[in-house]
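Trainee: Each chain is listed here by its residues.
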Amino acid sequence: MSESKQEHLTGSEQPESAGRRAFLGTSAAVAGASLVPGVILYSAAQGRAPGEPASSAVRWGMLIDTAKCGDGCSDCVTACHDENGVAHKTGPQDPQWIRKVDIRNLQTGARHSLPMLCQHCEHPPCVDVCPTGASMKRADGIVLVDRHICIGCRYCMMACPYKARSLVHEPLTDQNPEVPRGMGCVESCTFCVQRVDRNETPACVEACNAQGHNAMLFGNLNDPESEIARTVKTYATTEVRADLNLNTGVRYQGI
Amino acid sequence: MNIAFREIEGRSAGFWLFFAALGLLALIGVSSALYMEHHGHIVTGMDNQIVWGMPHVFAVFLIVAASGALNVASIGTVFGKTPYKPLNRLSGLLAIALLAGGLMVLVLDLGRADRLIVAMTYYNFKSIFAWNVILYNGFFAIVIAYLWTMMDRAGGAWYQAVGLFAFVWRLVLTTGTGAIFGFLVAREAYDAALYAPMFIVFSFNYGLAVFLLVLMGFYKWTDRPLGDMVVLRLKNLLGVFIAASFYFVFVYHITNLYFTKHHGLEAFILTSGGIHTALFWVGQMLLGYALPLAILYSNLGNSRAWIALASALAIVGGLAQMYVTIIGGQAWPIELFPGYAVSSSFYDGVVHSYSPSGVEILLGIGGVAVALLLTTFAVKVLRFLPERLDDETVAALHGAK
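These protein sequence lines map, in sequence, to chains U and V.
Just so you know, our numbering puts the end of the first sequence at 255, numbered straight through with nothing missing.
Just so you know, our numbering puts the end of the second sequence at 1401, numbered straight through with nothing missing.
Note that these hints are calculated values from the structure, not bench results.
Everything hinted at is true.
Label pairs and their computed distance ranges (CB to CB):
hint : chain 1 : residue 1 : chain 2 : residue 2 : range
1    : U       : 227       : V       : 1345      : 27 to 35 Å
2    : U       : 87        : V       : 1338      : 26 to 34 Å
3    : U       : 174       : V       : 1020      : 45 to 53 Å
4    : V       : 1341      : U       : 87        : 25 to 33 Å
5    : V       : 1134      : U       : 210       : 49 to 57 Å
6    : U       : 87        : V       : 1137      : 35 to 43 Å
7    : U       : 238       : V       : 1078      : 51 to 59 Å
8    : U       : 238       : V       : 1309      : 53 to 61 Å
9    : V       : 1168      : U       : 71        : 57 to 65 Å
10   : U       : 89        : V       : 1164      : 49 to 57 Å
On the chain U side, residues computed to face chain V include the following (Cβ under 10 Å):
hint : residue
11   : 74
12   : 94
13   : 110
14   : 112
15   : 150
16   : 155
The beta-carbon is built from N, C-alpha and C at its ideal position, and this holds for glycine as well.
Just chain V, same shape as in the assembly (with noise of 0.2 Å):
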């Protein structure tokens, strides 16, 4: 059975509100970096201390939530879940448009930016970052032909490898991605293998958060239907994703309590670090985990708004996460005396606090906004989105090819 693809319309007032509110975002936070990269990184919050800010909170997630958008085409093509095969191609989508925006925040954070052919022609191959500067160009390329082998005839016969290749390639990158942290041997924080399968696992959840709230925005501002099937199956998913991030977060933290050298980071996330413990509690396990989990398996799930709710509350969730983890894993000082305590003029031995600036903050909302730009100016102009997602037509789905 064929699913008909077709264009979003895109003429009414609200469209262009929207995508004018993006743009804007967009010219804000590049205007912003290029405030930043004449001045200097003297106007951020950030400092010799917290050397990575607000920047990379909004980049890291917005990689991570790419390979994670891809995951709902992987389901159709690698696992042969047919229900899941009209979503492929807005999945494909998803993970371009969130991963360059990504990329865009993380470049344009650079000490200098304008340096960025160094960075695509010098390749130190011991180091994690240069091999994921090779994984996000090849996952662009190949989420690119993954698209072409759902989208044109002529790449269909190529559609089950490349989308097998992709999947893959996604796992390889946000293994890449988590290793950046967890080849860091310097920081308490860091220095755990577990980085590269939790990264993965926030991906998934991250990523279909995110597919969730942009699936159904279109649905309903375009009136196209878009039944029960692919939402609850989507929604009980997104959940047993959040569980599981929930779990790897859960098994770090109880292997650093049980070390204890590293009970005084945990004593500084887990309770006395201000910020950090109010956003690992109150965003990242309350808002992140615990509410939606409660929406996701109740009742409330049921309902569209819960679900969209829930899918939004795992993503501030994901943004407290990446507060926690690479702020408050610098904001802990480095251990360079153990069985010391230690004091000097560049803060050694104390917490490190940091106040993000507005055009740190406003550079990461371009970010979001780059994506949302992307996906939504890709959906009025090709065949990304199925005319119906009823019940009716993903049941005809069931077994066919």
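So here's chain U without its partners, still in its complex pose (with noise of 0.2 Å):
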């Protein structure tokens, strides 16, 4: 089934896109051809070849350390949204997909602030909801929306513990091609999931990495050689209301 979502993710999403598509099609199958050794130098550490679908022997991870993450600094956010055409806008009807959150316990008047986004979690409340289906966790832990079966019922907006869905509340314009988006659909973070499947990392670590922050580390939680795995294995990291059980993908360190 995943297999089959995924197809709808990438390639078909765009109506009018059949001369496209071929082309994509084209482009990809060189890419491809000239890319295999790396695409197999891929499968074998963590990212995927076209057309192979998830695997659940991946399951793909944040940890964020709150003591690296900038006061006032929303490079994540920036990066986020321009490379999923998010507008950069914050009214209450616009989307937001990771946005910055400040917290001050009250009673010890400790701060933080953190990068707040989907979760990813293993069992998705989102996903329990979702009356078509729309809503589905891929095996590899990304947590997606199926833009072609998503009513905008919102009832996943309603689930969600951690206010990481957005509907898109208006016409849009200026996608980008690679990140389906459609007014009247809820959407949220993918991890960037056109970036991890050709084996990159999502925008927002990428940004906080080129600041020199490095508070964002994203990989395969089930590579026990992999740094986010060795470093929640070492270190406490705790999940946002863990108290829901719901063994979140993002992890927190320094909360």
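Got two chains here, each in a separate frame; can you build the complex from them with the hints?
Mentor: Okay, structure coming up:
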């Protein structure tokens, strides 16, 4: 099932795209041919070749170190919204795939600043409640919305404990062809699935590293040799709303 | 003893004016939805904080009232109370009409209302919403079958069996409606099993209030006799259902008040929530519960006009309750970090405000109009209403089959 849904979310989303699809297909084939050796290497590591289904051998995760997260820095937000074609607006009706949240302990006064995004739960409430199955979790743990069967009921937005989801309230222009979006559908962080499938890191992580903060670590939690798996095994990390037992893919350090 | 049912004449100017007014409201409602569909939800007051708004207040009210409207028929069929039997056709009709109105609002508010076929063909069976789609569709089919057993001699043999099935189905249906909120772990105001039985009791209340108003309205306008035996029974029952609604709301809040972690939410709804607090105390408690109870259980409760007022107040209270439950429950911020003050550009940690736009309200009113339009049309073309419901006729039914 995840394989066919992944097909939806990559090439075939654009309605007018028969020609473009063919072009993309050819380009992908050419690119694929030139990258074959690399693709094989990626597959052996953690990326995946075009057409290859997502594998449950991988569980993508993110570790956010709030001690390293820059107070007032929102490069991750900018990078995410640039990458995914989300307008940089912050009105109540505007989507935000990732946001900086400032928290202050009411007893001790301790302050932290951290990015909040879809937590890519193992047991996502948004997937549970979605009537059509549009909200779904890929085999590799990435939680996505299939834009073809989302009816815009917003029940997932009611159900998400992290307020990670947004409805597209108005017509969209200048979209990133790799990131299909549409008015009336619900959307959220995809871990930049289009990049991850090319074995790149999500745009937010890249931006954080470029800034030198290195507060966001992305990787395969199922690979015991990966940096993220080793770190979460060594240091105390927490899930937001751990009481809900959702086993989030995003974990935090320093709070 | 047989009861004679007859269509209403519906030839007067007043009738057509009423019919046209409902048609116009329904048309305005649908046009509002088309406007929303074209421009997106940007033209509504709903946003990424208050994701369900006025359309849901109306839709859930109508859906809950629909299942409750069927109760009158169930009392006759399942519990063998023969005086209720002449009312069973109207009861079934109202159940269908209210559900149709409610679902119209719910569906037209979808971000992608054009994908209704997807909602009907793709099911995630872990979703209570998906189950509700099945429960709503099944309700239509079962109540239509139920009406057939009432109205066609050929179906008479199935009357008891279908009536019992419809009764069980409606209880499951309202359990499903309540569970839409009860199954939401993320939000403090929901996440309670109590929602299912509470919504069932709300449905008894709202459905009967609508039934009483419609019954008295039709009989008054068509000059058909309607005796106290029917009306006083129903108004006493309405009083019981209003009291039961209050009981469930009381248990819900007293439980939340017992748990320290819910004190913020309770303080918000009960004391500092602005419109939500006002609607809770004035709309739901005073207008919805206290006043109708005072009317129904005092001498005023013998007057038709006062009973009509009490029924209308119960409906107003029901709409207020839905607003507080649905909008109030979302206005209180999701607790991301217990023990922390939270702020962000996405309105974390702050009470969310909501100003419903005209299109949302008009869509909701359109749903009410569709329900009344269907009912009015049906009683004109088919035999839903007994010619006489005077005390003598109803008394003769006592002990009759």
